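J.: Residue-level listing of the chains:
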Amino acid sequence: MKTPVCVVRLPRGPDPHGRGFDPTSPRYLALCPSSLSTSGEADPVALRTEQRTRAMMRERFLRCLISMANKKIQFLMYEKVKVAAVFGASDIDVLNFQVSDLQTPIGVQTEALIRCQDVISYSFDM
Amino acid sequence: MSTTSAWRQQTPRDWEHYVNKQVTVTAHGQQQHRGWLHTVDPVTASVVLVQLGEAAGGCSVSVVMGHAVEQVEVVGEADEETAMRLSSLFRSEAPELRGSVEDVKRRREELRGWLQQNRVPVEEVGEDLLVAGVLTVRPPYAEQDCFSSNQMVLARIQGLLARMPTPAGQSCDQPAADGQQSCDQPAADGQQSCDQPSAGF
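Respectively, the protein sequence lines represent chains A and B.
Going by numbering that gives the first Met the number 0, the first sequence opens with residue 0, and the numbers climb by one from there.
Going by numbering that gives the first Met the number 0, the second sequence opens with residue 0, and the numbers climb by one from there.
These are computed hints drawn from the structure, not numbers from a lab.
Predicted model, so just to flag it, every value in this text is computed and none were measured.
Note that the Cβ used here is the ideal one computed from N, Cα and C, for glycine as well.
Check each hint, because a few of them may be wrong.
Unchecked claim - Partner residues are not named here, just some residues of chain B that face chain A (Cβ under 10 Å, in silico):
1) Thr-10
2) Gln-30
3) Thr-43
4) Val-60
5) Gly-65
6) Phe-89
7) Ser-147
8) Asn-149
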């Protein structure tokens, strides 16, 4: 009798019906705070206000990200590293930035991924 | 707020108190950033600061990542004009949408007529238009003023809005918001072909 071959299954991809944001995914849990800040209000009215505030502030932040597209951004990173690049896109958890023409001390990277955990601040002109 | 995690522990309601205030943010390594606080991202607690230039001119924006924020101190309050500038900062409004009260009213009537022409149920609820019972259009009735919890309806109505003819007989200059290349509804003036984003004709 032949020995059975163990079947290796690839991990499941993101839920095709979801919006890509899975708070229970191992990636999110490992890299983001263990829970979103919330006051945990039991009062539905207060919860509704908090949700509205959260949505308004997130919308403003997302519009800021949109306006950054194709602009030159200065990144200030740890260990006094300063680099400039043209902003491409961000992922939904704001953990990575996709940039082009990254100017580094050892040369220019045409396309690069910057980890947001390494960034202290970034700035650009409108 | 003397430790990094204390800033991230706060709730959106706490963060909201800093919005539209002039603040000094101390980041990792004693770096200081000053500016008008535009928003705090609820997911990462990152602080968006704006340094405003002259009246209609540009401005510079710096964002301090939430994990690097050590302290946020309020140093000033915004007056009405600054607050208005801040809230409209990243919104790109087409010039023809800014107008007087009559212009906005006229646009609402046009929009209502256009939707009815396209057999979409619409009713007026105060200042807003309630479309098909699930989507609200607020003044000034542009594509970005549509609010709905239903993505399909939102995409269709935004596309419809983009194809709305203006009174001069030309279609809107913006391409359809959902990127559709083909017109599945006949334009009001009877033209059937609509293969490219219209550039005005």
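J.: Take the hints in turn and mark each one as holding or not.
T.: Going through the hints against the structure:
1. At its closest, the beta carbon of B:Thr-10 sits 4 Å from a beta carbon of chain A; the interface hint therefore holds under the 10 Å criterion.
2. Satisfaction of the interface hint for B:Gln-30 is found here, the shortest Cβ-Cβ separation to chain A being roughly 7 Å, below the 10 Å cut-off.
3. Interface hint status for B:Thr-43: upheld, as the beta-carbon distance to the closest one in chain A is roughly 5 Å, under 10 Å.
4. A cut of 10 Å between beta carbons decides the hint on B:Val-60: the least distance to chain A is about 6 Å, and the hint holds.
5. Restraint check, B:Gly-65 versus chain A: the minimum CB separation of about 9 Å is within 10 Å; hint holds.
6. For the restraint placing B:Phe-89 at the interface with chain A, the shortest Cβ-Cβ distance is roughly 4 Å, inside the 10 Å limit, so the hint holds.
7. Nearest Cβ of chain A to the Cβ of B:Ser-147: about 14 Å, over the 10 Å cut. The hint is violated.
8. The interface hint given for B:Asn-149 is violated, since its Cβ lies 14 Å from the closest Cβ of chain A, which is over the 10 Å cut-off.
Going through the hint list in order, the structure does not satisfy hints 7 and 8.
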